[in-house]
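K.L.:
Residue numbers (full-length UniProt numbering), protein chains in the order written: chain A, 1 to 363; chain B, 1 to 363; chain C, 1 to 363; chain D, 1 to 363.
Watch out, some of these pointers could steer you wrong.
[Unchecked claim] Below, in silico cross-link-like pairs of lysine to any residue (SDA-like), each with a Cα-Cα straight-line distance of 20 Å or less:
id, chain 1, residue 1, chain 2, residue 2
1, C, Lys-316, D, Lys-117
2, D, Lys-148, B, Gly-116
3, B, Lys-319, B, His-100
4, B, Lys-273, A, Glu-262
5, B, Lys-319, B, Gly-116
6, B, Lys-319, A, Lys-201
7, B, Lys-326, A, Thr-202
8, B, Lys-309, A, Glu-262
9, B, Lys-326, B, Glu-99
10, B, Lys-270, A, Gly-33
11, C, Lys-144, C, Gln-90
12, A, Lys-270, A, Arg-328
13, D, Lys-144, D, Arg-360
14, B, Lys-169, B, Thr-275
15, D, Lys-273, C, Ala-317
16, B, Lys-91, B, Cys-22
17, C, Lys-319, D, Lys-117
18, D, Lys-117, C, Lys-144
19, D, Lys-163, D, Ile-210
20, C, Lys-117, A, Gly-33
21, A, Lys-326, A, Thr-202
22, A, Lys-201, A, Pro-219
23, C, Lys-273, D, Lys-316
24, A, Lys-201, B, Glu-262
Simulated from the structure, these hints should not be mistaken for laboratory data.
There are 4 protein chains.
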Amino acid sequence: MPGSSIGERLVLTSFGESHGRCVGAVLDGCPAGLELSERDIQYMLDQRRPGQSSITTQRKEADRVEIISGVFRGHTTGAPIATVIWNTDQKSEAYDELEHVPRPGHSDYPAMIKYGKFNDHRGGGRFSGRLTATHVMGGAIARKLLEKALKVRTISYVTSIGKVSVQVKPPKTSKPVYSNDVRCPDAAAAARMRKAIVSAKTGGDSLGGIIESVTTGLPVGLGEPVFGSLESDLSRAIYSIPSVKGVEFGSGFAGAASTGSENNDPFRIKSGKITTITNNSGGILGGLSIGTPITMRVAFKPVSSIPQKQSTVDTKANKPAVLRVKGRHDPCVVPRAPPVVDALVSLVIADHAIQGGFIRGVL
Amino acid sequence: MPGSSIGERLVLTSFGESHGRCVGAVLDGCPAGLELSERDIQYMLDQRRPGQSSITTQRKEADRVEIISGVFRGHTTGAPIATVIWNTDQKSEAYDELEHVPRPGHSDYPAMIKYGKFNDHRGGGRFSGRLTATHVMGGAIARKLLEKALKVRTISYVTSIGKVSVQVKPPKTSKPVYSNDVRCPDAAAAARMRKAIVSAKTGGDSLGGIIESVTTGLPVGLGEPVFGSLESDLSRAIYSIPSVKGVEFGSGFAGAASTGSENNDPFRIKSGKITTITNNSGGILGGLSIGTPITMRVAFKPVSSIPQKQSTVDTKANKPAVLRVKGRHDPCVVPRAPPVVDALVSLVIADHAIQGGFIRGVL
Amino acid sequence: MPGSSIGERLVLTSFGESHGRCVGAVLDGCPAGLELSERDIQYMLDQRRPGQSSITTQRKEADRVEIISGVFRGHTTGAPIATVIWNTDQKSEAYDELEHVPRPGHSDYPAMIKYGKFNDHRGGGRFSGRLTATHVMGGAIARKLLEKALKVRTISYVTSIGKVSVQVKPPKTSKPVYSNDVRCPDAAAAARMRKAIVSAKTGGDSLGGIIESVTTGLPVGLGEPVFGSLESDLSRAIYSIPSVKGVEFGSGFAGAASTGSENNDPFRIKSGKITTITNNSGGILGGLSIGTPITMRVAFKPVSSIPQKQSTVDTKANKPAVLRVKGRHDPCVVPRAPPVVDALVSLVIADHAIQGGFIRGVL
Amino acid sequence: MPGSSIGERLVLTSFGESHGRCVGAVLDGCPAGLELSERDIQYMLDQRRPGQSSITTQRKEADRVEIISGVFRGHTTGAPIATVIWNTDQKSEAYDELEHVPRPGHSDYPAMIKYGKFNDHRGGGRFSGRLTATHVMGGAIARKLLEKALKVRTISYVTSIGKVSVQVKPPKTSKPVYSNDVRCPDAAAAARMRKAIVSAKTGGDSLGGIIESVTTGLPVGLGEPVFGSLESDLSRAIYSIPSVKGVEFGSGFAGAASTGSENNDPFRIKSGKITTITNNSGGILGGLSIGTPITMRVAFKPVSSIPQKQSTVDTKANKPAVLRVKGRHDPCVVPRAPPVVDALVSLVIADHAIQGGFIRGVL
């Protein structure tokens, strides 16, 4: 497959552009019998929607999802589920000057080489963060499928913004995550993070951060050796989010500095079930789920669009240029990303649950 | 595809088990006309072979590769290239007691749940680090293809072992990497790392570490938005290596704590070519190559097999158990992993070069 | 992939239902730079549209295509091209009684077993001939791509309707095909076929027929041994058309009764180019194109919906039932199918042209 | 995937060449727990082995299969099953003159264009009928899996050789098929077919023929709309057999000349189960199995290698040439093909049984 699709048995195909007519998603492979309406998708889209607080972009994107196939009498039919959001608040003029002047940190330069003068450069086109709405559309369905069929649940939340970092106990519900606009379940830390974002914005700069994601309720044995490991497929999906530059599982990079006796998770029997005492593995051994929570941490680089002068080149004139990115940009996208991470994790886990025969037939 | 294959147009299919008759690889999609002999593969296998120094396992695995299809008159024919290593030095008795007593940190537990009593548990079976020999067999061919067709070159080397860490300037050739048995191009650091490994071994413990990988010479525009980004496909491949728990590109997790103005790489023209001043992006923007070096860092957890008592469970008796892993194990696998990283990076980049039309037809 | 997609490097994903909101298609992998507008697709849709003559169904389906992604400034961008037709003239009441009473010859019965009560049975749902509009949407783009990039051209036409059969010399343009509503380039035979259809309709019955398809202008060597042969991929695509029950290439079934000396096509040099004297191979040897015209014949069974009483079962009551299919059905779909065959052949050939490196990069 | 693999969840990857070191197959996706030994594969290989009678080639190919991975303690483990046959009786000299003189009817010409001077032309290389041994190796495993898990059974047999044709009632076992060396269950017809083959051989010519294949015991609902129909996937697989030029299901091409009232299969209840009175659909409606036998007919062209002078070209000298094919060739391959058809049908049906959740987990 070319690059617009992901998955083996539950396949998401993404289409659309930032400033085109729409962004859309087709999810193929969802079993028949899942109760589904636009509301199930809309609430996750609303979680990532901009314009909700002073720390995100002031663009107003209604982002109303429409299901245009695959649902009949309120349930999935087994046919591909197509969903679409019609674009409305696009202001493409701001991008006119960018056609030959690539913005540092953006896809502009390689895209103009790859697609030539035919590249839809407006708003980043196909490379825009806006395309993560298509991940959410497909992922919201996968999420509901997992919850209904297996009681599997993913919660993702912010643990770092810039240099403000916090260690949190994974929350049991998403409520504390969405109780503040930073999406950090630790309210005090959230306040500090918020301040850091406002300060970066004021200074004409931007910030990145880290999202932690925890998935509970998995059966043992999801994953397909040796190239379809859960880590392989999760990281592959997560790296489709623009700005992601690092993914680690369990003890991750820190674990690389520990010893085997520290990092191994001893097995034990608890309430009659085999589990581990610690969870440095992040719930995955040999690429397979072991039933403990899957824990993943995702690093987002700071937003590339900053209202400062930056050095670049004019590719038409083939000479140096100076650029000050205009438009309405988030000073930090991390608070909008937890639902995107939730969505992609759900897609991958649901796909593996189908591959492994844990979900099959009519629900 | 089930899990044993990876790639779109250059597909590696891995087969075999640690203690079965062989480990093997089929590489499909390599163009006709590449000069190829066993020697081209053997030298990379030799780089990962155990038994070469006191800091790696004392198992003697000759690991002689045989090409059994796809090569005629010393060149590839366009047909799938099958390669095989016949297993020789396997001692399976050490694993007899493990059939119902999963080793902490290993795939034993989820594998016995997934495959039941039919799982080939000997030496980790399909999940063994030995299977990375199949990655190397396919990757060595991809590596030669890339070098011949595009002058693309990957060099991977160790930058951390346990708590000993070093920052190195990427070496121009692999010579300094392979001039010591730690595979760290900084000889002084290598000595300290070596000491750390010996000390861990003496203490009945094990270490992990970090490998850095740098790929140069890429054309601009490799990668397929949005799910076939280079980061997606590279991380997916790398996570097929047992023990890998973290992958980051460019400034990675550290970059998440910086600001946009610090982390963006300004463009400039150098010797008539567009490039960037810094390389915090790791050579990838929007999932596409930009022509600067692709830089990736890979975190390996410490070896799970340690000669210490560990808590586990007897799954047959369903009660706690204590295990002391026997056998001849590496106290640290990281020094053996650079050729595996080289191989997988080469596979992914060569696949994308074919997808992008940069390599096509008869060589 | 689940079943809604076809192709390796040029992938068509189909969505929608006969009586749902729409039918749609996403084509991924089309290179940037192809001039494309709705008109390029609409003319092929018009060729298969019902309601055009007395021998096809009287349903009025405007079938107006909208391109909703992947085109910018009148050219493809390299991004997936999504197209959609909004359904308008659906009358679903006629299908109410069918929910538990499967129509002989239709997918109703296996679909109700496979998808249970969630199956969208209206108008055949996902199995309707209407879905071939999605093949045409994707295929019309592939067709234009092939014509532009390689001067490859497919012409498909009717050679049999019921027992009326004719042998025709492949026409050089599609003009004689579309000069009559039977789509047979032999006008006299077309008149007899038309009469047969009218007679079947009058008698409350239906007819099938045969379509021949000829593709010219191919380079030598398209196709990928051993499972990606042109015959494999063409037949696979063609069998996605409801009603198709036979596919043969070159001398096909008749050739099976001949001898090697009769059936072999001797090579010769003509105008400095190697070609064959006869074309019993249908332009394909060893699964690869040889540069001569690809000839394929496709058998369509008679339309299953007939206004006669037929024996069936009531699956709810689990007892025999008698059914007389209502609704507005074609007495023969074959005259509407040539553009569908054209479309699918174009998709497969274009995909192989991309796989083989004959089309690559920006057009 | 490039062309050497087929399947979605049960994937066969073929490697090797006619005159190389071996032919081999890797089957990935077979569940753990299937009892399997070389014998299970060997008996089907023996059925297709040449040198068994005066009407097939006198080449002696021992064709001893070795299982080199994926089986432990006599059962499949869930890991890929690699099988290999080492080539022994190859005489490549006969092919020396063919390197620049393509044989009519063979892949020689397009292969030399596609792969240039690197093509392994010996014995047809990758395009040889010998490669069907790899289909049989994978298919024999699929066949056993289907029989064990679902009691599904495929029997294929010869119904036409040249102009000798017979209609047979599908046999209940393969015994009457293999009771004569033509593989036709009608002994009298087999004798006439045998005579026709001997006569063709004596006359320095060759014959083709038709194989019918019947698969019983299928559950309802195998197949994935719209591009993963059973007809699509079966025909795709069957067209990987060299010489196949036609595939039809149920009433096929003949059905195209009938009427809807004649061709529709009325439903009825028999022994409490829904089934059809006739089986013109060949057991497939809407691309899905309906539980009645799947019937398919496959047309094989006459063998291309004939010991007669044929016109061809010398591609090096670029001038006409005359060729008399040497070597030991079958005058008719059809009697050796039933196990190949059995194998491919089994592969496709088993793959769909896994996709549909009918086979899953550990056996």
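K.L.:
Take the hints in turn and mark each one as holding or not.
P.N.:
Status of each hint after checking the structure:
no., hint, result
1, C:Lys-316 with D:Lys-117, "violated (65 Å)"
2, D:Lys-148 with B:Gly-116, "holds (18 Å)"
3, B:Lys-319 with B:His-100, "holds (11 Å)"
4, B:Lys-273 with A:Glu-262, "violated (49 Å)"
5, B:Lys-319 with B:Gly-116, "holds (18 Å)"
6, B:Lys-319 with A:Lys-201, "violated (57 Å)"
7, B:Lys-326 with A:Thr-202, "violated (60 Å)"
8, B:Lys-309 with A:Glu-262, "holds (13 Å)"
9, B:Lys-326 with B:Glu-99, "holds (14 Å)"
10, B:Lys-270 with A:Gly-33, "violated (59 Å)"
11, C:Lys-144 with C:Gln-90, "violated (31 Å)"
12, A:Lys-270 with A:Arg-328, "violated (52 Å)"
13, D:Lys-144 with D:Arg-360, "holds (15 Å)"
14, B:Lys-169 with B:Thr-275, "holds (19 Å)"
15, D:Lys-273 with C:Ala-317, "holds (13 Å)"
16, B:Lys-91 with B:Cys-22, "holds (14 Å)"
17, C:Lys-319 with D:Lys-117, "violated (67 Å)"
18, D:Lys-117 with C:Lys-144, "violated (34 Å)"
19, D:Lys-163 with D:Ile-210, "holds (10 Å)"
20, C:Lys-117 with A:Gly-33, "holds (8 Å)"
21, A:Lys-326 with A:Thr-202, "holds (15 Å)"
22, A:Lys-201 with A:Pro-219, "violated (44 Å)"
23, C:Lys-273 with D:Lys-316, "holds (13 Å)"
24, A:Lys-201 with B:Glu-262, "holds (14 Å)"
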